[in-house]
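Student: Residue 336 in UniProt numbering sits at position 336 of the sequence shown; the count goes up by one each step and never skips.
Using C-beta positions, here's what the derived DEER-type ranges look like:
hint, residue 1, residue 2, range
1, Gly350, Ser21, 25 to 35 Å
2, Gln143, Gly111, 23 to 33 Å
3, Gln90, Pro24, 48 to 58 Å
4, Ala316, Arg227, 26 to 36 Å
No lab work stands behind these hints: they were computed from the structure. Every residue gets a Cβ at the ideal spot worked out from N, C-alpha and C, and that includes glycine.
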Amino acid sequence: MTYNEVTGTRRPIRMWAEPESVDPQAMQQLRNVANLEWVHGVAVMPDVHHGKGATVGSVVAMKDAVSPAAVGVDIGCGMTAVKTSYKSSQLPDNLAYLRGKLERAVPVGFGHHKLPVDPDKVRGLKTSGWEAFWKGFDELATQVRARRERAEVQMGTLGGGNHFLEVCADDEQYVWVVLHSGSRNIGKELAEHHIGVARGLSHNQGLVDRDLAVFLGSTPEMDAYRRDLFWAQDYARRNRAVMMGLVCDVLSRHLPDITYDQPISCHHNYVAEERYDGVDVLVTRKGAIRAGSGDLGIIPGSMATGTYIVKGLGNAAAFNSASHGAGRKMSRTKAKKTFTVKDLQEQTFGVECRKDAGIVDEIPGAYKDLEAVMAAQTDLVQVVAHLRQLICVKG
1 MTYNEVTGTR
11 RPIRMWAEPE
21 SVDPQAMQQL
31 RNVANLEWVH
41 GVAVMPDVHH
51 GKGATVGSVV
61 AMKDAVSPAA
71 VGVDIGCGMT
81 AVKTSYKSSQ
91 LPDNLAYLRG
101 KLERAVPVGF
111 GHHKLPVDPD
121 KVRGLKTSGW
131 EAFWKGFDEL
141 ATQVRARRER
151 AEVQMGTLGG
161 GNHFLEVCAD
171 DEQYVWVVLH
181 SGSRNIGKEL
191 AEHHIGVARG
201 LSHNQGLVDR
211 DLAVFLGSTP
221 EMDAYRRDLF
231 WAQDYARRNR
241 AVMMGLVCDV
251 LSRHLPDITY
261 DQPISCHHNY
271 VAEERYDGVD
281 VLVTRKGAIR
291 AGSGDLGIIP
301 GSMATGTYIV
311 KGLGNAAAFN
321 SASHGAGRKM
331 SRTKAKKTFT
341 VKDLQEQTFG
351 VECRKDAGIV
361 DEIPGAYKDL
371 EAVMAAQTDL
381 VQVVAHLRQL
391 ICVKG
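All chains, full assembly: derive it from the sequences and hints.
Tutor: This is the structure we're talking about:
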């Protein structure tokens with residue numbers, strides 16, 4: 001589809017969604033963002049929904065400014081996927097056993113490793129840069145310095161909520177590993193710290209929504225945020241790489257002679273320095289992936305509705321972006337009130353996963369239709385592969 005343009009704001013809003021179908025609260029958030037004096041442009045993905053400060057599924061380009069709430073509190077959250085040489089017919093009949101092995105290798109929920117994972121002992125992990133990475137921790141905001149030990153043992157862990165680890169099969173029955181996670185507690189604490197700092201700055205006092213407070217270029221506050229932001233984005237990338245290595249180690253011990261292609265990895269809550277319309281801007285993608293020409297990306301649905309591997313088409317009107325998933329159509333609270341464990345069992349039939357009250361809020365019915373989301377962005381990405389879940393691990 002071509003985008004819908006919403007006017008009446010300082011900058012027009014380009015939407016790959018029907019404006020009347022978007023929650024009124026989310027539309028107001030989009031208008032608030034588009035009215036900020038520093039905004040160069042706003043693009044809205046088809047999985048858009050209400051979020052804190054800025055909508056999930058929005059792409060905001062700013063000149064010499066950035067809003068930390070437009071990135072979100074899970075800095076660097078994103079996806080990694082790896083295709084294997086195995087066909088689904090080669091997997092063991094007892095997928096529950098394999099799921100148990102994966103859950104023991106990768107801590108979920110509030111779990112963490114007993115000791116920090118040694119990168120040199122993780123299968124296929126690039127070990128360069130780790131010393132410099134951890135040295136960078138000592139330069140982060142003083143408010144998080146006491147969190148180093150926790151950050152170390154959470155490296156290589158999944159977390160909870162909508163984070164997941166899956167074994168999937170594509171339409172040719174090749175097995176894939178797909179996972180979704182971010183910068184864990186350290187990213188959350190850094191984000192919350194800087195959102196608080198931004199809200200206290202004088203130029204943000206007249207905002208209609210102080211959660212949209214911004215940092216301005218060439219200021220100490222912006223410099224501190226960028227330092228911590230880019231470190232947390234690197235943490236998230238490394239976290240997914242460690243998990244993928246741990247998962248592949250499990251599979252290699254139980255699936256003889258399995259091999260792996262190069263991983264595909266993409267953030268979907270992050271900041272990037274890019275250039276549009278001849279202007280250097282800071283682009284925040286909150287619930288959106290980069291989809292520049294040829295960029296490979298990952299767009300999941302829910303725990304039983306499949307995942308798409310895509311290639312970006314480089315649509316500058318969307319700031320070279322695409323959706324990060326199907327997007328929620330109801331809150332977690334509403335999902336728990338609407339659906340039962342029986343509903344969860346029915347909607348995840350054929351997938352080896354938890355089917356208990358603890359994850360009813362992640363039921364497929366709480367999410368938008370993935371196929372409709374994909375149909376709305378055919379000018380943003382092209383499909384490379386379609387995957388369906390065989391095993392799904394959640395926190």
